[in-house]
Amino acid sequence: MRQLFSLIFLSLLSLSVSSVHPSSSSSDYHEQLVLRPLPLSALLASFNFRSNTTFSEFEARNFRLFPRSLAQILQHAGTRELHLRFSLGRWDAESWGARPWDGAREGGTGVELWAWLEADTDEEADHKWLILTNALSGLFCASLNFIDATRTTRPVMSFQPEGDHPNSTVTNMHLLYGVLPHEVVCTENLTPFLKLLPCKGKAGIATLLDGHKLFDASWQSMAIDIRPICPSGGECVLQIEQTIDMVLDIERSKRPRDNPIPRPPPGHELPCDTSKPYHSHDTCFPADYKANQDWSLSQVFGKTIKGTCPLMDPTNPPVCLQIPDSRTVYISDGVVEKKNPDRNSRCFDIPPTADFEMVVTPPSDDDAAQTSPGAVGVLQPETPLLYAERSFTGHGQERGGVQTILRNPSPDREVEFVYMETLPWFMRIYLHTMEARIAGHNAAHNASLIQQVSYRPALDRARGTQLEVRMRVPAASTVFLTYDFEKSILRYTEYPPDANRGFDVAAAVITILNSNADKDAAGGRSAVYTLRTTSLLCSLPTPDFSMPYNVIIFTSTAIALAFGGMFNIIVRRFVAADEGPEVGLGALTGRLKGRLNGLLERLRRRTGNK
Amino acid sequence: MPTPNVAGFSTLRARAYLFRLPLFTRAVLAAIGLFWILGVQVWWDVRAWGALVPDKLGFATLYRLNTFPFIHLNVFHALMNALALTPLLERFESEYGTLTSLALFFGPLTTLPAFMYVAVEKWILRADTAVMGASMWVFVLLGMEAIRTYKANPYLVVGTHHIPTWTTPIALLLCVAALVPSSSFLGHLAGLLVGYICGLGYLKFLAPPERVLRWVEGKLNLLGRLPHYVSVDQKTYGRFGVLPSSGSPPPTSVALPLYPYPVPEHQAQPSRESFCEEHLGTAAGQDAKITSALQLRRDPRILKLPPYLSLLFVVVGAVWLFLLPLDQYSRRTYISENALLPGQVHTYFGGSDQNVFRAYKHEVNALAGKSNVEINNSLEPIVKGLGLKTARQNFTYHAAGRTYAGENLYAILQAPRGDATEAIVLVAAWENVKHELNRNGIPLALTLARYFKRWSLWSKDIILLLTPDSIAGPQAWVDAYHDAHDPSRVASLPLKSGLLQGAIAIDYAQEGRFESLHIVYDGVNGQLPNLDLINSVVSIARGQMGIDVALQEMWRHSDDYKDRLRTMLRGMLKQGLGLASGPHSSFIPYHVDAVTLRPFGEGWQDEMALGRVVEGSFRSLNNLLEHLHQSFFFYLLMHRERFVSIGTYLPSAMLVAANFTIMAIALWVKSGHSEGGGQATADSKTVTPANHAAERDLSLPLGVVTLCQVLSVIPLYLFNHVPESALTPLFITFALLNTLLPPVLSHLLATKTTFTLAQYDLVQCFSLLLLGMFLSSLATLNFSLALIIGLLAAPLSFVRPFSPSPTSGLKRIACAVLLNAVSPTAVLLAGALYWRLDVRSVLRDAAVAWHVTGTYSPVVVWCVWWPAWLAGQLIVLARPAPASASARRSNGAWAGDDGKVKGE
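Heads up: the sequence lines are chains A and B, in that order. When we follow UniProt numbering, the leftmost residue of the first sequence carries the number 1, and every step to the right adds one. When we follow UniProt numbering, the leftmost residue of the second sequence carries the number 1, and every step to the right adds one.
Treat the hints with care, since some could be wrong.
[As the list claims (entries may be wrong)] Within a straight-line C-alpha distance of at most 30 Å, the following computed BS3-like cross-link-like pairs (lysine-lysine) qualify: (1) K128(A) x K213(A); (2) K389(B) x K276(A); (3) K370(B) x K389(B); (4) K370(B) x K213(A); (5) K276(A) x K384(B); (6) K200(A) x K306(A).
Hints were generated in silico from the structure; no laboratory data involved.
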């Protein structure tokens with residue numbers, strides 16, 4: 001009775017509170033869009049949605065802003081922390097600089113999932129992992145259920161829990177990691193993603209998210225992170241953070257949707273370099289870098305922002321633009337522009353019901369004079385801590401090699417990181433061939449590059465290779481990390497339908513460790529920057545599938561025509577028509593008739609007896 | 001009636017059967033063979049002349065009613081029909097007599113089904129399908145046989161089913177119709193119907209009256225004049241042998257076969273003979289078989305056979321090649337990979353892109369004549385300005401005393417939404433293979449890169465590769481891309497993308513507009529790109545853009561036999577040389593399909609048209625889900641839309657290579673027999689073996705062959721490592737030495753050792769064995785090279801040491817001179833003269849190809865052909881030491897010059 005009272009009271013209280021101020025409730029909701037023009041007419045749009053729920057409400061299944069479908073899966077699978085990534089394309093670090101969120105909110109091409117599950121034994125963890133992947137597969141319309149034992153690894157050094165976990169649970173938390181590099185992320189994954197949001201893409205910045213634009217982006221990553229947060233002194237909350245980062249090509253996005261073909265523009269509209277001596281009406285040296293510096297929200301996204309989400313915390317400005325203050329930006333009426341003190345970004349407060357449109361004008365000629373072509377009027381990109389590029393070496397169907405080029409651009413700071421590879425079992429890696437060498441140095445320098453190796457060899461058809469290497473790259477140097485592998489020959493039925501395409505190899509994950517912090521007692525050091533290489537396509541020896549097919553077809557036809565009928569006659573047992581039991585409808589009626597006749601006979605006899 | 005079975009098959013009986021075939025059957029078989037041979041030549045189309053074509057049947061062409069059974073589509077058709085016809089016709093003839101068969105088969109039994117077929121085909125089906133071949137007769141005879149069987153044995157009882165036996169030909173008819181492609185169901189059916197009617201006896205009135213036949217026979221004394229003639233009287237006791245065989249021995253005049261084993265000579269009673277044999281006991285049969293096999297082995301004709309067989313192989317191999325351009329042996333090209341969809345997209349390249357092209361052309365023209373680094377310094381900012389990632393690569397090759405160095409510039413256009421898993425390459429070399437400035441190609445590649453950048457649909461990265469030359473630059477780049485380079489000469493690539501799926505090179509050095517497109521497709525070492533790629537480009541250029549396409553520098557191609565043959569031979573020559581023919585060549589060894597597009601002629605197509613062809617091809621390659629694997633990698637193109645696949649052309653090179661192996665085996669056998677004095681007895685029909693087994697002395701012959709092979713390393717090394725200026729003197733010196741070396745060696749062998757004839761045989765045996773082995777393996781890798789070398793080396797099979805006689809010295813010298821004319825050096829010189837090339841430049845190109853692209857043709861010439869030629873020359877100049885008097889005599893057994901065969 002008392003419980004009921006307290007419940008009513010609580011709900012009344014919360015109702016009254018929410019009516020006063022919707023965001024001051026315990027389960028607050030933030031959303032923010034950060035736009036950042038990048039060099040070479042690219043635009044980075046980072047959408048971030050974050051909401052919390054307290055543990056007590058979560059345990060009581062009182063989900064408010066937290067998506068119920070996801071929460072139930074988490075509860076069922078005993079998941080303490082979950083990270084899910086859907087990515088497409090590649091981040092061009094050379095031109096765009098450091099990654100957004102320091103690379104913490106992105107995955108390799110395809111789908112990537114890692115989670116900490118609470119389980120007593122490894123088997124139980126595997127079982128829960130199976131439940132989790134299958135449930136998420138249904139929820140997100142992705143082939144996550146294909147993350148089986150051969151694609152699951154248990155990384156040791158690369159990942160550390162992001163949330164605050166009490167010491168009692170840390171001991172039986174299991175980290176499992178699975179990746180599907182061949183999965184094509186598309187609009188069927190976006191719809192369930194948006195459904196998890198409180199405003200479901202109907203209001204606020206999420207109205208800009210449209211499958212056509214998102215999947216036309218040069219690079220995009222959708223991320224879901226769920227982690228427990230325990231603020232000092234407060235109650236622990238479970239936080240869900242949904243992030244979408246995308247890099248749009250402004251020129252491509254500005255094309256009208258009904259005419260997306262990049263036909264050559266009329267000659268007079270072509271931006272030309274008039275300083276060339278041969279410049280004339282029919283000769284034009286293109287000055288492409290001048291183009292596409294002006295854009296508007298509706299041009300790039302195809303629509304404007306429809307008000308704000310009413311559940312949003314209004315203290316946070318929903319839209320921010322990172323652009324030098326010298327650039328002029330026109331905005332809709334009623335929107336308040338707030339320039340930040342760093343003179344390189346500004347934010348906009350949007351009235352709850354108004355549409356928001358923003359027009360960025362081309363940079364003035366003064367700006368153009370100052371900076372290099374291609375990066376006019378945009379912020380200078382931040383140099384990443386490390387550049388990484390991975391590719392195959394060698395050729396042929398028997399063996400190959402993998403070469404990763406790691407370049408540290410910093411002139412004075414050494415970078416230490418964990419390099420993780422998850423390789424399929426049919427790439428049999430020769431660990432003894434793994435070596436790291438600095439370009440242009442002799443062997444003496446190379447000895448101390450690799451500091452620690454954690455290796456779990458593959459088992460054929462049972463599990464993949466897991467390789468983690470903790471290594472360092474000295475300041476201003478390039479390190480080549482190479483190893484060789486052998487290609488297995490698969491069984492005839494193990495090839496996919498597009499066998500000649502090759503097999504995707506998942507991206508390598510590079511986690512740069514914090515060099516200032518001392519090692520924790522747990523042995524893990526927090527990551528300061530994460531990056532992933534591109535995935536690779538490994539071609540295995542492939543049989544000519546049409547040959548057995550032709551043989552089968554031909555022999556089958558011959559056998560069916562010439563021998564099939566004959567064989568049938570010889571093998572079958574022939575009996576005379578009246579010997580065997582009758583079957584079919586006729587037999588049934590016959591039997592019924594017989595019964596009926598018998599009955600009639602008996603009846604007649606009985607009447608006759610009388 | 002004993003049924004013949006497989007186990008009871010004996011060669012002797014088969015032979016006896018063949019020798020006893022009656023006259024009309026023989027004549028028919030001969031006619032079929034004759035018409036097939038007639039059909040091989042190209043000038044007169046026998047098939048069109050003689051086939052039964054319903055629409056062409058008029059009064060003047062009634063001969064077709066009788067000629068069509070003799071004419072066949074191809075050799076298999078003829079062979080199969082002959083096999084099916086022989087036993088049936090033989091039965092018929094031996095039963096009814098030769099004259100009756102003649103009358104019936106040139107009369108009703110042919111014309112009736114033919115009329116029936118024509119009537120149905122023309123007036124009911126209203127079609128016009130030509131038929132030919134003896135299979136109609138087969139069905140006529142089968143129908144008659146089936147009715148006869150039906151009368152004797154009406155049902156075939158399977159389980160409770162009673163299958164009438166007359167239906168069996170119908171089952172066969174259906175099987176043939178279903179399984180044999182392009183067989184005429186209607187024609188067979190007509191034949192079968194007539195067979196049934198005839199078998200039922202309704203056509204008896206058509207047979208000529210017996211009286212007349214007998215009169216004819218008697219008047220002309222046919223029985224006495226014609227061998228194998230089956231008399232009218234004979235038919236009365238027919239093939240069943242009802243009458244005792246002693247009644248009348250066959251009046252044929254067959255020459256008795258030269259057998260020690262008595263062959264039953266009852267010509268007309270095969271069943272009796274087989275009956276006897278089966279009942280006389282199997283032991284005797286076994287004995288007979290073994291004896292006959294031994295007999296066969298010692299038959300001098302067998303030992304005489306190999307040179308002829310070998311010659312036949314060479315001739316057939318060479319003739320085969322000339323059949324390939326015919327319609328029957330080549331096929332139309334087709335797109336096998338459905339994902340390519342060539343020409344299915346609109347191309348938009350053009351319009352204001354031409355303004356950009358003109359600007360880039362001004363830039364390129366301004367750079368003409370500058371150094372490689374200066375050019376790259378100017379081009380790199382342009383490419384970078386397009387938003388592509390650029391990188392450079394240095395390379396240095398040393399060949400023929402020269403240094404081929406340069407710097408490649410390449411740029412990667414990253415697929416807008418893609419991952420770096422796959423890539424397509426667009427190559428434009430600053431200079432083409434003829435060292436002309438690629439005046440339009442470079443600006444076009446740049447403009448295309450800028451245009452491609454605007455599209456978002458690329459699923460693969462596009463790599464723009466600008467190389468200073470057409471051979472070394474692309475080679476260095478591709479080697480480094482696949483990490484197969486020598487880091488001391490070729491720098492590693494700083495920037496890479498994914499797997500290369502295809503490459504297209506633009507070679508547009510010509511100024512102004514062009515007419516047609518020349519597709520260059522030969523790779524290094526005769527490797528070829530997937531045929532689908534060539535077909536796609538042809539389909540896009542011709543079907544979509546209306547630009548004509550030429551291959552192998554055949555600027556005009558009328559698609560007749562001559563032009564096809566010329567295209568094919570040019571292609572084979574290029575394949576055989578194995579040189580790189582353009583920037584694309586280096587890609588092909590790495591399983592990257594590539595072609596070079598070179599516009600030619602004066603026409604109205606502009607640069608944008610070529611750009612659209614490249615755009616269309618790139619869109620097709622972009623569609624690929626898998627690496628190109630569907631179509632052919634081994635083919636000979638003879639027209640842009642006609643090719644021969646490996647299954648059809650390979651036998652030609654294999655036959656030529658097999659001729660060496662056959663001769664090697666024969667020589668081995670001979671070398672084991674020739675010693676030890678054979679007693680040839682010429683007085684009897686049987687031939688006692690002339691030779692008995694002898695020890696073979698292997699060490700000296702092996703030593704000589706090894707010496708030849710080891711010596712071959714010297715020219716290989718010298719020609720590839722001497723500076724260019726020394727190449728001509730070296731060649732002259734080598735050619736002289738090459739002429740002098742065999743006589744000197746031969747003199748040494750004759751004076752210092754006692755080389756017997758058998759040992760010379762062994763030298764030739766080993767040398768030919770090696771040659772045959774090398775060439776047959778090479779034929780699967782580089783067909784053309786194997787065939788060319790095989791044909792040039794073919795005389796080596798037939799050279800023999802001359803037996804001492806007054807004129808042998810002269811003969812020897814004449815033969816040695818002739819053989820010198822087909823020596824590697826002489827052929828090289830002749831080729832250079834024919835194509836008006838400088839020997840020095842030929843040798844330099846070979847050395848460059850050896851060092852840069854890894855062409856292995858020099859190895860084949862110097863280490864396979866030259867040692868074999870040297871050994872052959874030694875054989876010609878041989879003066880064998882007399883081992884014994886009889887050895888020399890027995891050597892005459894099958895020496896080419898005096899072909900007296902013992903025992904005849």
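task = Compare the distance between the alpha carbons of K370(B) and K213(A) with 30 Å, and conclude whether the hinted pair is satisfied.
result = This hinted pair is violated, its Cα atoms lying about 46 Å apart.
request  = Measure nothing beyond the straight line between the CA atoms of K276(A) and K384(B); if it is 30 Å or shorter, mark the hint as holding.
outcome  = Holds - the C-alpha atoms of K384(B) and K276(A) are around 18 Å apart, at most 30 Å.
ask   = K128(A) and K213(A): Cα distance at most 30 Å?
value = 36 Å, violated
message = Run the distance test for K389(B) versus K276(A): straight-line Cα separation, threshold 30 Å.
response = Measuring from Cα to Cα gives roughly 24 Å; hence the hint holds.
ask   = Is the Cα-Cα distance between K200(A) and K306(A) 30 Å or less?
value = 13 Å, holds
query = Within 30 Å, alpha carbon to alpha carbon, are K370(B) and K389(B)?
reply = 24 Å, holds
Going down the numbered hints, you'll see the structure goes against 1 and 4, while the others check out.
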